[in-house]
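Student: Residue numbers (this note's numbering), protein chains in the order written: chain S, 630 to 948; chain F, 312 to 607.
It cannot be assumed that every hint is accurate.
[Stated by the list, open to error] Chain S regions said to be covered by chain F (calculated; three or more residues, Cβ under 8 Å):
| no. | region |
| --- | --- |
| 1 | 717 to 728 |
| 2 | 732 to 740 |
| 3 | 758 to 770 |
| 4 | 807 to 817 |
| 5 | 823 to 835 |
| 6 | 881 to 890 |
| 7 | 926 to 938 |
[Unchecked claim] Here are some chain S residues pointing at chain F (derived, C-beta under 10 Å):
| no. | residue |
| --- | --- |
| 8 | Ser661 |
| 9 | Trp750 |
| 10 | Gly897 |
Hints were generated in silico from the structure; no laboratory data involved. This one's a predicted model, so the numbers in the text were calculated from it and none came from an experiment. Even glycine gets a Cβ: it sits at the ideal position worked out from N, Cα and C.
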Amino acid sequence: MSTDTLQRAEAAVAPPEAPEKSQTFRRRPRISERFHHRLFIAPSVLVLLVLAAYPLVFIASAALTQSSLGNPFQEFVGTENFQTALTSSAVQNSLTLGTGYAFGVAAASTALGTATALALWRSLRAGAFVRTVLLLPMIVPPVIVGILWSFIFSPSGGLLDTLIRRFTPGSGTYAILSDTTWAIFGVALADVWEWTPLVVLLVFTALLSQDPEITEAAQLDGASGFQLFRHITLPMVAGTIVAAFLIRLILAFKVFDLVYVMTSGGPGSSTQVPAYLIWRSALQNFDVGIAATITLLLAVVVTVVTIPIFLITKRLRDD
Amino acid sequence: MTSTINTTNAAKALSSRRFRKEIPQPCQQKPSLLASGWVLLSLVAALVPLLYLLSISFMTQGQIAAGILLPTEPAFRNWANAWHSPIPQGVLNSLIAAAGGAILTLTFALPGAWTIARHRTGGKALSGLILSPWLLPPIVAIIPLLTLLRILGLTNTLEGLTLIYALINVPVAIWLLDGFIRRIPIEVEEAGRIDGANEWQLLTRVVVPMLIPALIAVGVIVAILNYNEFLFATFLTQSQDTQTVPVLLAGMLSERVQDFGRLAASSLMAVIPVFTIAVLLQRYLIEGLTTGAVKQ
């Protein structure tokens, strides 16, 4: 029964009662209704064509040809670009760095965000002031977030440097963003600062919208404290936490502005995340063929990495 | 029986639509000191970097290098310099492109979002695919879209940038609107249909009025995304009079001698519009983010 599967899929993301009901009383749509519906989705389909299908065809063609920025699709070269990209250590390092960065940042944001959401929920009240303050980091333009954290990490009079000097006089300077090991952590910290509030908001809302009756029932049955949290609260918000992790992971895979502003991929290539490498190949080296190839490889990595998490989200929702 | 449950649930959903203050805090446990301490700490963590930027914006280059954290004699020159620079024009450009793009995005996205949520036109494939462009870095689409704009003759214009913003956010807007549309009790739409409204009238006279808060919420989120966007703006606005504010700020970073104070003042000037909107429309923003992104 195909409608049933559809319904189940919908039930995963929505209050189940609305779609079920609409199913039960649904009659076959009239012709004019169907015409309207097609008209209504036409812009969305058009956007998908322009934003997804067209770039995909463009990129696939560019990956299979020798292409420069001004003059794409010069000559068919088959899998040559793929061989070059897959054997290039710069590409391998970038994809590894990007994946590690995304997981690290997403894990840190989710852990900190969940902890803060729980604290908000347990503390007396989370008024408008607290919520507004928590909104601020994520609405600052990423370029400005980059500038701001560059100031903080600046070795000449930056906030971090000044504080370290004040508490441990005579220590050397700390130039985090010009250190091949630490620069990526500097970028990651800025990223975590910017997007953790989103996790806080999502998890906090999920905590508030738990069914109080279930909690009360568990309390009547004698559950309390950590038990209540572990067996009642946590399972109820687990789906939201995993979903927040997924959103955060995808945002971290896309990081570009912060790297562009804070380190320009350097020092060396120590912060050259995939989006930055693609940008550099296409718009500094003008090799659109290779840039397109790296893009396809990144697409494969992101898909492979996100599908299991997506499935977990769905499973948690269905239960 | 099921019908009663449906209506009460729908009523509940409607009444909890806003992130209202009077929502009872369902946590019956006593507030803990550890929790309050953690909240305080996270507030400090969120605010200190921003306050540091504010502090720098009132310092001279010498004061910054000396490692002073709070300026004793505030230097207002930085703000004056920022005001007499292309920054205000950039803020204006950003606001135009952000608002124009958001309005167009909503116009494109709303009919599609409603049809997909309510009638599943396009089936599972469409609702599954709709978010796919959001998954990859926008860099993916930049060269193809640049080529497209060149064909349309819209490169290096604010109109071209607005059009691109309108397009790139349609998937996110559909995704966010979906959660709100599902909260409208289906009975309302069915009543409209029984009264003889066709689908167009249903959408414009029944659905849209009920979705006004949702449209504000999603519109504000999309507008902020546009305002903050950097990558497309660098490529699509090359001339000074069309550059948006993130592009101008990134440009200031590549100047040979960097004036930290002026950079900080300019950054804050760019942030003022978004912060004002965030404070005024805080509820809508939070509701949009929470309802849309994770459907309960």
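Student: For the region 807 to 817 of chain S, do at least 3 residues have a Cβ located nearer than 8 Å to some Cβ of chain F?
Tutor: Per the Cβ count (0), the hint is violated.
Student: Holds or violated: the region 717 to 728 of chain S covered by chain F, criterion of 3 or more residues with Cβ-Cβ distance under 8 Å?
Tutor: It is violated: at least three residues are needed, and the region 717 to 728 of chain S offers just 0 whose Cβ sits closer than 8 Å to chain F.
Student: For the region 823 to 835 of chain S, do three or more residues have a beta carbon lying closer than 8 Å to a beta carbon of chain F?
Tutor: Result for this restraint: holds, n = 7.
Student: Check, residue by residue, whether the region 881 to 890 of chain S contains three or more positions whose beta-carbon lies closer than 8 Å to a beta-carbon of chain F, and give the verdict.
Tutor: n = 6 at 8 Å, threshold three: holds.
Student: Per the coverage rule (Cβ-Cβ under 8 Å, at least three residues), is the region 758 to 770 of chain S covered by chain F?
Tutor: holds (count 11)
Student: Given as covered by chain F, does the region 926 to 938 of chain S meet the bar of three residues or more with CB within less than 8 Å?
Tutor: holds (count 5)
Student: A closest beta-carbon separation below 10 Å is what the hint needs, so does Trp750 (chain S) meet it against chain F?
Tutor: Where the cut-off is 10 Å and the nearest Cβ of chain F is about 5 Å from Trp750 (chain S), the hint holds.
Student: Is the listed coverage of the region 732 to 740 of chain S by chain F valid when you require three or more residues with a beta carbon under 8 Å from a beta carbon of that chain?
Tutor: The restraint on the region 732 to 740 of chain S is violated, since only 0 of its residues have a Cβ under 8 Å from chain F and three are required.
Student: Let me know if the C-beta of Ser661 (chain S) comes in closer than 10 Å to any C-beta of chain F, holds or violated.
Tutor: With a closest approach of 7 Å, the Ser661 (chain S) hint holds.
Student: Go through the hint on Gly897 (chain S) and say holds or violated, using the shortest Cβ distance to chain F against 10 Å.
Tutor: violated, 19 Å
Checked against the numbered hints given earlier, this structure breaks hints 1, 2, 4 and 10; the rest are met.
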